[in-house]
Amino acid sequence: MIEIHGLSKTFTDRRGDTVTALDDARLDVAENEFLTLLGPSGCGKTTLLKCIAGLVPYDSGTIEIDGRPIQGPGPDRAMVFQNFALLPWASVVDNVAFGLRLRGVARAEREERARELVATMGLAGFEKKLPGELSGGMQQRVGIARALAVQPQVLLMDEPFGAVDEQTRRLLQEELLALWEEQRPTVVFVTHSMEEAVLLGDRVALMSARPGRVAELVPVDLPRPRARGGGPDRSGVYAELTAYLWDRLREMHEEHRTVRTGAPA
Amino acid sequence: MIEIHGLSKTFTDRRGDTVTALDDARLDVAENEFLTLLGPSGCGKTTLLKCIAGLVPYDSGTIEIDGRPIQGPGPDRAMVFQNFALLPWASVVDNVAFGLRLRGVARAEREERARELVATMGLAGFEKKLPGELSGGMQQRVGIARALAVQPQVLLMDEPFGAVDEQTRRLLQEELLALWEEQRPTVVFVTHSMEEAVLLGDRVALMSARPGRVAELVPVDLPRPRARGGGPDRSGVYAELTAYLWDRLREMHEEHRTVRTGAPA
Amino acid sequence: MTRLNARLPYQILTFALFAAAWELYARARGGLLLPGFFETLRATGALLAEPELWRALYVSNQALVLGFAIALALGIPLGILLGRFRTLERYADVWLNILLVTPMAAIIPLLVMWTGIGLTSRTALVTVFSIVMVIVNSRAGVRQVDPSLIEMARSFGAREREIFTRVLLPGALPAVMTGVRLGLGRAVTGMVIVELLMISDGVGGLILEYRGLLKAPPLYATIVIILAEALLLISAARWCERRLTHWSRTTATRANLAGSPK
Amino acid sequence: MSALRRLPAAPLSLAAGAMVWEVIGRAAGVSFFPPLSTVLDRLGEMAADGALLASVRDSLLNLLLGTAISLVAGIVIGVAMGRSRRVEAALGVYVYALLTAPSLVFAPVFFSLFGAGRGAVVAVIVMYAVFVVIVNTAAAVQAVPAHLEEMARSYGAGERQLLPRVVLPAATPMIMAGVRLGVGRAVTGMLNGEMFIAVVGLGHIVTEAGGSFDSASVLAVLLIVIAVALVAIALVQAADRRLTRWVPQTAKGAQGK
Amino acid sequence: GTDAGTTSLPGGKLSFTVAVTEPDITAVPVLAAADAVRRQGHDVKIVELAEPELAIEGLAQGDYAISAEATGPALSAIDQGAPIKIIADVVANQWAVYGKPGTGSCTDLRGRPFGIFSEGAVATAMSKDWVRATCRGATPDYLTIGGSDVRAQALAAGEIDATPLEISDAVALESTGRADRVTKVADFAKTLPDVHPQTVYANADFLTEHREVSQAFVTALVREHARINASANHLVRLVHRYLPDEDPEDVPRIAARYRSRKLFDAAALTPHNVQRTIDFFARADVIDPGLKAKDAADLSFVREAAS
Ligand SMILES: Nc1ncnc2c1ncn2[C@@H]1O[C@H](COP(=O)(O)OP(=O)(O)OP(=O)(O)O)[C@@H](O)[C@H]1O
Ligand SMILES: Nc1ncnc2c1ncn2[C@@H]1O[C@H](COP(=O)(O)OP(=O)(O)OP(=O)(O)O)[C@@H](O)[C@H]1O
Ligand SMILES: [Mg+2]
Ligand SMILES: [Mg+2]
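Protein chains in written order, with the numbering used here: chain A, 18 to 282; chain B, 18 to 282; chain C, 8 to 269; chain D, 5 to 261; chain E, 21 to 327.
None of these hints come from the bench; they were simulated from the model. Yeah, the Cβ is synthetic: ideal placement off N, Cα and C, and Gly gets one too. Errors might be hidden in some of the hints.
What the hints assert, rightly or not - Partial selection, computed: residues in chain E whose CB lies under 8 Å from chain D: (1) Glu-68; (2) Ala-70; (3) Leu-74; (4) Asp-207.
Based on the provided sequences and hints, a complete structural model is requested.
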């Protein structure tokens, strides 16, 4: 469904220095697939998502959705932003209803849908608050609700659960999966948690840094619903997969990092 | 060393509604202790940290450091902000050197220290970039480096590793522990990861939401250096502790949350 | 209310200082053209009872209201456009600067030629006086909007028009309102100047009359009344500003200035 | 559009304006709106005279003094008003009153304070320019993101360090907008001060020519004034661009693709 | 601005200031007179001001010794007790009402826009006086237009039907090729010959303390006027010297017209016409009635100069 070929993107900063965020990246995401994306910080995950969203002009390559090259942003896609990007002047409900409003949904209907999602996100009672009056995790959930509200065919999520606690994260994961089962959007989901990547994804895409490209695609052959223990325990397959991902990422890391390592023990 | 008694803080928003972020919270942190803080999103962790930092005026209660009530912010404390709070006009190095500059450290010296820390954070080569030219995880690491640069007695860290990948997180954890062993600051460290809380903390403080207060203090009686498997495997004690934390937090969660739960499986 | 009360002592203090300085200076150095504070106060009271004043205010304010409304209706969108479209800005900037610096006395003959000496030219002049302030500040406001919000809006399918109304305008509003305050001040000046130089039917006529007769107290009384009107309008704009941009208190330092940690 | 972007905008735009002026001036054929060529001829005559040069020099000195005072005073007072509610409460009314007050009000006061010399003209320039700078600076300072100030205070920044390290940089875009307006107003103030109190410098020429229906001379002087202003504002904008390079672009067409 | 005040120099000479307001052709004899005094060794400074009110303020404060412009504000100031005296004439009544072609009399202006300067200005007062006297209840629609050039342009552009103009304005209007679009409706020089709208006035203390210098100034002024009346070319020369920016084509025509109508006569003031001028301004509500010519003017200098 999403086909990306030879995608390259170089940023030039104000002093003329260049950073190559994406270099000849390729990725295919099937219709209704839930793809999770793992990679070291700064490898180009956000850039890739923004390219798919049609927000960032890229230097070369093609991005096609259903066989048609994308022309900027479209109503088929919605994105959850890593930095939330909430409108500071709009209340929680208005922020969540933002996409619906742009689509011309009538006031009563969009407010109802927004309120419902706000409650789903565990933010009932905060409907009228402004983003500046929320905690970090609450803001993040508003951003998620906003994207879910428009029921897109393609859902682009950039570390959507990074700022919430484990319990909330689990609940939100369940919510997201339930929604995915119901509406079957294609999801590209960036995360730093290998457990999360395995729990949610049909496949896990591993990105490498500089050159930023998809280094490996790992299929997750586990039946859904994927049972998860009540606690942090994990079944063997989980552990195996996450251990594999862990090793692969560490290899990539060691190739590229210049971190002065303490004893990695 | 840090003694907090009966701390209460209520926010009043523009419409006169109130949210009680902290209600009669109490917490003692010993000298040189590494305390980790876990709690549901929106329970008041950031507010508590900002109170200790002397940034937020509170309604009642006392915060004493070494027996003296705090008078606003002081050079003994440094904070890593959840939303990074980088100066958008200053380069990475200048951002990291910000605290040093305020303390009157000479240019050459502060730049050297900043560059060193930038490299430690895995950002070598990005010294002259502006925050707007960095990825989310990179920005977060700049914020950490800035706090470490001033070598404070009290280090207040608000989800400092939330936006970086697992590998980087591990490296940064090692770096932080090494620094802590060396300089012995008192650390209050907010995290959403129970593994991280147990790995780093001498004690884990569990916060409950509404009323926001410290519900329980869990000592982590594990010797340091705490070995961690090369992968996601964990020793029995770890698993036990994290499982305990997990249960406690879920209990709190269930008391307070109104999330429309899907099947919690 | 508490805020009002907190400010009041300072306002009273500075007003007392101001009045005393005025009175003392006028007594020491004042002549025919510089009345004392109390003299002016008395004359203001007397003038307020004159129906002529109210008629003059009515006449003058027609141009003010119309002219300023046009300045807002044109200036805000134009400022936002300039902030948004670089190319447009580069071409329009010169003219904006020219508009800013051209002494209005010089364009009055041209205005008379084009639009006669009726309400139209007075209105046009008020607009010309105030619009630059609105445009320049609206443009500066747009530059302060977080670009990731534009990105976000685009990702939800916002067209350019919607980016304007839903992102740029609200985001720039604090700066726009600063421009509105400045513009209001200039519009009132314009209202007076146009009458001094052109058709002096309203308050400008009063000023010319009292000045020509060297009647300093009513002259300054007229000016006091005009300034009072301007201040009233500016406070009204402030009030609207606070209502429209209350959100900025959750993001801007202003909110924190009142108190610091105990 | 992309072709337009590469051309030097200001000269092109001015040239177009000049052409329109010439055409309308010729077509209208009225004495009070002579075509540009006539005005330029007159400007040449005046320049050849030499008196013009002296006037311009004199006016420029006034402008320089007045602008410098306005910017320094405007930013200092504006910051004080932006940072302190008390100062704002104490001064706000006067700032807005003086912003509005027509220069006619000041004329007798300055006249009695400074006589009809340079002092009065400089004072008029300051009166014209300073309040715009104050208002914009105050608003800019109040809009500084709270989290940045919080961060700086957590590192022990006092008011003295907060201002140069956080408040002023963050407020720069709006302050510069005010400076731009202020410099523009200063140029107007220069001419008006020379017209409405003491009749000297360029104001003298305008008054003289205006009294004898000599539109060409009036417009010639205006051309000089506008040229001065454009140069002054260009300097401001160059400074602005340098100082606010960090501001992430909301404008379209700012970068390549 | 006390630095501009009168001071004595060694050798019995004097340093003082003459203030002029936007000098036009009528003021050049005053400037020439100041030069004549300067040639006697005194230090005479010239200040150009934008408004007559500022000059009068300076006179009242003693910053300036002598000034010359509109009589109305001076009388207002004198009426309010300012130490100012009228000492000579600048130019006799030169005002006339000009109207659209076809405007024959005041009655044609009934309800039509009539441009006036502000209340209190002499031309306004004279126009209203004229309307009262000749229109029998038919009043035009007065439009106050502050700037005299704006007024002239408004007339030429047909925005107003009539307005009072000075000779130089009228000539300038003619020379811009629009003379055929206006016609003279009334000539105040003929109907109100005793009103002297522009006079020379001085600080009263200056006059008593420095009689000789004051006398020298007035004498020089009278002599300049006499020379102009002998030859209009003298005025042209003066204009060329003092107002080099003035349009060289118009000046001879304006000068000729002033001369032919004998408008320049600094010594023309008498107790009688000063009183008539005062009465006129009182009638026009510019000053309160009751001011006496001997309190407002010191005509001893012009008498001395004329003898
Ligand atoms: N606007 C920009 N200007 C210049 N460089 C940029 C810009 N945006 C991103 N980059 C650079 O592009 C690279 C990839 O950034 P990106 O935000 O896509 O990383 P990421 O994979 O999302 O990282 P993280 O996990 O930390 O969010 C980084 O090196 C970053 O410095
Ligand atoms: N400036 C503010 N105005 C009003 N309410 C606020 C403000 N800041 C925080 N709150 C409220 O206080 C409560 C605690 O917020 P806080 O940021 O301390 O939570 P947190 O524990 O840090 O959450 P998270 O893990 O999501 O960051 C929240 O309910 C929030 O809505
Ligand atoms: Mg990212
Ligand atoms: Mg928080």
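Structure-based check of each hint:
no.: 1; hint: Glu-68; verdict: holds (4 Å)
no.: 2; hint: Ala-70; verdict: holds (5 Å)
no.: 3; hint: Leu-74; verdict: holds (5 Å)
no.: 4; hint: Asp-207; verdict: violated (22 Å)
Checked against the numbered hints given earlier, the structure breaks only hint 4 and satisfies all the rest.
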